[in-house]
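Each residue of the sequence shown is one higher than the last, beginning at 758 in this note's numbering.
A hint or two may mislead.
[As the list claims (entries may be wrong)] Pair by pair, the computed Cβ-Cβ distance ranges are: (1) Y1142 to V944: 17 to 25 Å; (2) H932 to R987: 48 to 56 Å; (3) E903 to H978: 49 to 57 Å.
[What the hints assert, rightly or not] Distance condition first, Cα-Cα at most 27 Å in a straight line; then the derived DSS-like pairs of lysine-lysine: (4) K1172 to K1016; (5) K1172 to K966; (6) K1174 to K1016; (7) K1174 to K964; (8) K966 to K1174.
The hints are simulated quantities; they were obtained by calculation from the structure and are not laboratory data. The beta-carbon is built from N, C-alpha and C at its ideal position, and this holds for glycine as well.
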Amino acid sequence: MNQPVAGPPSGGFASLERRHWMALTAAFLGWLFDGFEMGLFPIVARPALRSMLGGNEADVGQWMGNITALFLIGAAFGGLAFGWLGDRIGRVRALSLSILTYALFTGFGYFAQAPWQLGGARALAALGMGGEWSLGVALVMESWPERHRPVLASAMGAAGNLGYFLVAIVAALVHVTDQSWRWLMLVGAAPALLVFFIRIFVPESEKWKESAAKGPSRPLHEIFSPILRRRTLIGIALASIVLVGTWGSVQWIPLWVDKITGGTRPSAKAVAQMLSASGATIGCLLAPLLASRIGRRPAFLWLCIASFASTALLFRVLPEEYGPSLFVGIFLVGLTTASFYGWFPLYLPELFPTRVRATGQGVCYNTGRVLAAGGALMQGQLVGYFGGSYARAGATLTLIYLVGMAVIWLGPETKGKALPE
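The whole structure should be built from the sequences, with the hints applied where relevant.
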């Protein structure tokens, strides 16, 4: 039975044990490197695709959409598969396998000779990335005391965006050309080393062990049972709205900035990604704290309002000129549209009991990625329809936030309730 929990955390870290910090470190680093892997492709996409297409610029946007869609579909299947695995064999073992998967297949991108090969490597890497999020969140939320949930959600949300920031720094220091992009893909294999740390130092979730001791679960069946079906469908809808906005539009900003500068400023993409990631990190830190104060549903509403306003400003109002106004717009879009990724680690675990939590989160978050794949393909088509205008295409797709303002009220309010057992 759910019991009320205390309000926002006000300290108490001194009472925490080593196992708490090990779980958080593993999940934080896993999601940070996940963000690094995801941020890598927008940086290398244009030079990589140009080199494979013989310098043909006309098809870059279409292939960007295709590969992004493959990535999102791979992540969706990965979230389903690894989430199920986490509910059956444990959070730690499944987390290790997911990180190993995304690291190795990102490294395989080094060897791609054609766009479809690069797309295949991205899709396979995405299997692991899709699983890592739900497993890491489940492990941390189940391992730490209830009162720390908002702070934990902030940390988990910020981790991925710090990864984006790191890859932007690398891109700023290393001029990414039609030849040098392969080395960045090889660097992406480094997180495989994290698996050794996890297997040696990170203990399994006690809540999962207690749940598993009661007998094997049927997570896929249960999350779509009459008891949980509504929560699952609401989670899918909310994740879809946010991910369509991000992957269908915001993820294209580095490519858009590269086009604005005509490729004459090698650091432009890196600057754009650093601005976006900086704003995103702040947004992820603030969103769970806002949700813990005013409630999960009102917080989501305000995040949608802010995201719609910021994307309208960037894509519809500001001039397409590389300069201070564009920098401010990109920062604000990162701040608002990525804040949801701090909200999700707080809300999604609260929808499902322990025995199916990883699967439920994985299905919600990563089914949203399937629909976001459609958004990425649509963005590619819209860019062509609007005569190569990334801004007009982005402004069209980000109307999705208006839908989010209504859908959130169909979900349960979980503020002040313990994680379901």
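How the hints compare with the structure:
1. Y1142 to V944: 17 to 25 Å: violated, 36 Å
2. H932 to R987: 48 to 56 Å: For H932 and R987 the Cβ distance comes to about 51 Å; the hint holds.
3. E903 to H978: 49 to 57 Å: For H978 against E903, whose Cβ atoms are near 28 Å apart, the range 49 to 57 Å is violated.
4. K1172 to K1016: Violated - the C-alpha atoms of K1016 and K1172 are around 44 Å apart, more than 27 Å.
5. K1172 to K966: holds, 26 Å
6. K1174 to K1016: Answer violated: K1174 to K1016 is near 48 Å, above 27 Å.
7. K1174 to K964: Holds, because 17 Å separates the two Cα atoms, which is no more than 27 Å.
8. K966 to K1174: Roughly 22 Å separates the two Cα atoms, so the pair holds.
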